[in-house]
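Quick note, the sequences are listed as chains U and L, same order.
Residue numbering for the first sequence is 1 to 328, as defined by my numbering.
Residue numbering for the second sequence is 1 to 328, as defined by my numbering.
Note that these hints are calculated values from the structure, not bench results.
Please note that a few of the clues may not be correct.
Per label pair, the in silico range of CB-to-CB distance [unchecked claim]:
| id | chain 1 | residue 1 | chain 2 | residue 2 | range |
| --- | --- | --- | --- | --- | --- |
| 1 | L | Ala-138 | U | Ala-39 | 14 to 24 angstroms |
| 2 | L | Pro-151 | U | Asp-265 | 55 to 65 angstroms |
| 3 | U | Arg-261 | L | Tyr-210 | 15 to 25 angstroms |
| 4 | L | Thr-321 | U | Gln-25 | 52 to 62 angstroms |
| 5 | L | Leu-278 | U | Phe-133 | 28 to 38 angstroms |
| 6 | L | Ala-39 | U | Gln-25 | 22 to 32 angstroms |
| 7 | L | Thr-321 | U | Glu-310 | 51 to 61 angstroms |
| 8 | L | Lys-221 | U | Arg-256 | 13 to 23 angstroms |
| 9 | L | Tyr-187 | U | Glu-326 | 31 to 41 angstroms |
| 10 | L | Ala-27 | U | Phe-133 | 18 to 28 angstroms |
Here chain L is said to cover these stretches of chain U; the calculated rule only asks that three of the stretch's residues, wherever they fall, bring their Cβ under 8 angstroms from a Cβ of chain L [as the list claims (entries may be wrong)]:
| id | segment |
| --- | --- |
| 11 | 31–42 |
| 12 | 46–54 |
| 13 | 74–87 |
| 14 | 92–98 |
| 15 | 149–155 |
| 16 | 269–283 |
We put the beta carbon where it would ideally sit given N, CA and C, even for glycine.
There are 2 protein chains.
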Amino acid sequence: MSRATVSRVVNGTRNVDPEIQRIVQEAVAATGYVPNRAARSLVTRRTDSVALIFSVPDHQAADDPFLGQVFSDPFFGRIVGGLLTVLRPRGVHPVLMLADSDDARHSLVSTLRQEHADGVVLVSIAPGDPLPFMLTEAGLPTVLFGRPPTPTPVSYVDISQQAGARLAADHLVARGCRRIVTIAGPYDSAAGQERLTGFRQAMAEHGVAYVPSVEGGFTQKGGEGAMRALLAEQPDLDGVFVANDLMAQGALLVLRDFGRRVPQDVAVVGFDDSSAALAARPLLTTVRQPVEDMAAEMARLLLALIDDPEHRTRSVIFKTTLVARESA
Amino acid sequence: MSRATVSRVVNGTRNVDPEIQRIVQEAVAATGYVPNRAARSLVTRRTDSVALIFSVPDHQAADDPFLGQVFSDPFFGRIVGGLLTVLRPRGVHPVLMLADSDDARHSLVSTLRQEHADGVVLVSIAPGDPLPFMLTEAGLPTVLFGRPPTPTPVSYVDISQQAGARLAADHLVARGCRRIVTIAGPYDSAAGQERLTGFRQAMAEHGVAYVPSVEGGFTQKGGEGAMRALLAEQPDLDGVFVANDLMAQGALLVLRDFGRRVPQDVAVVGFDDSSAALAARPLLTTVRQPVEDMAAEMARLLLALIDDPEHRTRSVIFKTTLVARESA
DNA sequence: CGTACTCGGGAGAGCGCTCTCCGACGTGGT
DNA sequence: ACCACGTCGGAGAGCGCTCTCCCGAGTACG
Numbered sequence: 001m002s003r004a005t006v007s008r009v010v011n012g013t014r015n016v017d018p019e020i021q022r023i024v025q026e027a028v029a030a031t032g033y034v035p036n037r038a039a040r041s042l043v044t045r046r047t048d049s050v051a052l053i054f055s056v057p058d059h060q061a062a063d064d065p066f067l068g069q070v071f072s073d074p075f076f077g078r079i080v081g082g083l084l085t086v087l088r089p090r091g092v093h094p095v096l097m098l099a100d101s102d103d104a105r106h107s108l109v110s111t112l113r114q115e116h117a118d119g120v121v122l123v124s125i126a127p128g129d130p131l132p133f134m135l136t137e138a139g140l141p142t143v144l145f146g147r148p149p150t151p152t153p154v155s156y157v158d159i160s161q162q163a164g165a166r167l168a169a170d171h172l173v174a175r176g177c178r179r180i181v182t183i184a185g186p187y188d189s190a191a192g193q194e195r196l197t198g199f200r201q202a203m204a205e206h207g208v209a210y211v212p213s214v215e216g217g218f219t220q221k222g223g224e225g226a227m228r229a230l231l232a233e234q235p236d237l238d239g240v241f242v243a244n245d246l247m248a249q250g251a252l253l254v255l256r257d258f259g260r261r262v263p264q265d266v267a268v269v270g271f272d273d274s275s276a277a278l279a280a281r282p283l284l285t286t287v288r289q290p291v292e293d294m295a296a297e298m299a300r301l302l303l304a305l306i307d308d309p310e311h312r313t314r315s316v317i318f319k320t321t322l323v324a325r326e327s328a
Numbered sequence: 001m002s003r004a005t006v007s008r009v010v011n012g013t014r015n016v017d018p019e020i021q022r023i024v025q026e027a028v029a030a031t032g033y034v035p036n037r038a039a040r041s042l043v044t045r046r047t048d049s050v051a052l053i054f055s056v057p058d059h060q061a062a063d064d065p066f067l068g069q070v071f072s073d074p075f076f077g078r079i080v081g082g083l084l085t086v087l088r089p090r091g092v093h094p095v096l097m098l099a100d101s102d103d104a105r106h107s108l109v110s111t112l113r114q115e116h117a118d119g120v121v122l123v124s125i126a127p128g129d130p131l132p133f134m135l136t137e138a139g140l141p142t143v144l145f146g147r148p149p150t151p152t153p154v155s156y157v158d159i160s161q162q163a164g165a166r167l168a169a170d171h172l173v174a175r176g177c178r179r180i181v182t183i184a185g186p187y188d189s190a191a192g193q194e195r196l197t198g199f200r201q202a203m204a205e206h207g208v209a210y211v212p213s214v215e216g217g218f219t220q221k222g223g224e225g226a227m228r229a230l231l232a233e234q235p236d237l238d239g240v241f242v243a244n245d246l247m248a249q250g251a252l253l254v255l256r257d258f259g260r261r262v263p264q265d266v267a268v269v270g271f272d273d274s275s276a277a278l279a280a281r282p283l284l285t286t287v288r289q290p291v292e293d294m295a296a297e298m299a300r301l302l303l304a305l306i307d308d309p310e311h312r313t314r315s316v317i318f319k320t321t322l323v324a325r326e327s328a
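All chains, please: the whole structure from these sequences, using the hints.
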């Protein structure tokens, strides 16, 4: 029995006599033989793993607790879950990497050039992240979560931020809210910016010329501060659009402290439909981002790109939906 | 210039003439050469990656959203963060794997036997999980988060659950609580069981013979239901020990719905000190589990085990601390 | 019955590295 | 001046697999 035949049986390439197949399989089972992945990779040039990179703003290395926070983001789990639905059936494993400094980004790219992974799924929340460019430059099959900060020939999935914000505007107006304010995301993030402009534009079409806004940094604490500032600026407000659920959770707490009933006095609409929306009281009405579906699509795009490097880059834009719960 | 010399320069083994080192490095830089990982793995028998396995109770594959929930557990992020503090400086990457069925467990073990990873970090929340046994059986260097369900010669990190529960009991009693109840974790989980018995034992030592308890399944929803049940059973309760923060978050909501002020009317102590503790209002007083430190220690134990397979198995038990916030 | 073609197994090269040997050269001691 | 020894580069095997040939046997057709 030659190694070639065994290889053919194990990999199911070409036809092999059923009898011989049986013999080989029995021998494999009996000896507990397992093929060596490194040797296979060496010749197939495939590792059957993809890198899952989270790229975040730089921070001091000493500030280690931050590491945990990155991965505690509810997004992270949903993305991993979505990826796995597609990757697992294909026998592909995700390798976790964190890009939190320029050093990290460089060492990461050189690691990947060693054929550590067949491709890259990149989730970047760092403004002006150079990583999308670095990765495509290095010729690595790459798919992004969210449009790249600078136009780059790279595949990505995203949602229409503006359409999502419009959903929130329509809902608040339909409820009869008139004195509407918004808690925005960071101005240097595409998502923060577009949700704000989309919301304002939709409100303008509803005849509301100006919508006060305060930036809340996408954190619960930030949302609390922003809500307080807005209550000071416009005490008679009756509707708030908050650019993510975490900030909305903070806003709800502040509204309660100020004795405003939600939704009777003030209606609140969040964005994302993350676990925070269900942890909040009242339950948060929010614009749902189909993160799991988006992640699954990323995996599909990436696998296609890996199978055919000539595959042209594509972007897939997902629809958001309004999930009406209690807060609006 | 021979390949051997280049290899020596790149890996820094043996002495190489500084002049030649310089030449090689320049050539490497100029040609953009990067060594091939698979080829190196083939001969060194090292992959420089470790598997990070989350093993959870079986569930229907169709029930895909569950996948996301697994990784949304606040634990997950903290563990990843802790591991990375140790693994990154060593150039080791974690490969994410999910064991959510017997099939998954088997395919996972056979994948690992192909030398896909140098070792395994296993976080199991599946009762009676066979994976610890399967992994050690396969001769894979393994470190567990939490004591193995059946005695197995394997390294692990854990906390003293009983000592943690005692911390909560002491705190509630010191506050003057007398009619104390507890929301327990699943009875088939070691953590759930030990926190309950530890708490009851400590209370007994404080002269309280019986502590009503209801099981809350470690979820927020379960915590809400359990709290309602306990309020019905003992309407005059003035203290609650909840076996994790997620359930405590649910309990707080129910207490508020029932018009009980926390901590004035009812004191609440959680367990874990997860992000949920800070998201809750009032801020949750809780028993802190140093998850990041534990994860870092897992990484250290695993790397030691990989470097020296004869290394004897070790367990490291961490201390819990009470973090006093607002709820008790 | 002979030829052309198909089908399936074997031989062997080669993937890109590391590492053990070996040998060349330089140095110091006798 | 010669030899022993230490230092460092080169040659080449070999890690375990896949895959391209090649060839023998079986089959169909003229």
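A quick look at each hint next to the structure:
1. L:Ala-138 x U:Ala-39: 14 to 24 angstroms: holds (19 angstroms)
2. L:Pro-151 x U:Asp-265: 55 to 65 angstroms: Holds, at about 59 angstroms.
3. U:Arg-261 x L:Tyr-210: 15 to 25 angstroms: violated (41 angstroms)
4. L:Thr-321 x U:Gln-25: 52 to 62 angstroms: With a Cβ separation near 55 angstroms, Thr-321 of chain L and Gln-25 of chain U satisfy 52 to 62 angstroms, so the hint holds.
5. L:Leu-278 x U:Phe-133: 28 to 38 angstroms: Given about 36 angstroms between the Cβ atoms, the range holds.
6. L:Ala-39 x U:Gln-25: 22 to 32 angstroms: holds (29 angstroms)
7. L:Thr-321 x U:Glu-310: 51 to 61 angstroms: holds (57 angstroms)
8. L:Lys-221 x U:Arg-256: 13 to 23 angstroms: holds (22 angstroms)
9. L:Tyr-187 x U:Glu-326: 31 to 41 angstroms: Hint holds: Cβ distance 33 angstroms, inside 31 to 41 angstroms.
10. L:Ala-27 x U:Phe-133: 18 to 28 angstroms: holds (26 angstroms)
11. 31–42: holds (count 8)
12. 46–54: Result for this restraint: holds, n = 3.
13. 74–87: Coverage by chain L holds here, the residue count being 9 at a Cβ distance below 8 angstroms.
14. 92–98: n = 6 at 8 angstroms, threshold three: holds.
15. 149–155: violated (count 0)
16. 269–283: Result for this restraint: holds, n = 5.
Hints 3, 15 from the earlier list are contradicted by this structure; the remaining hints agree with it.
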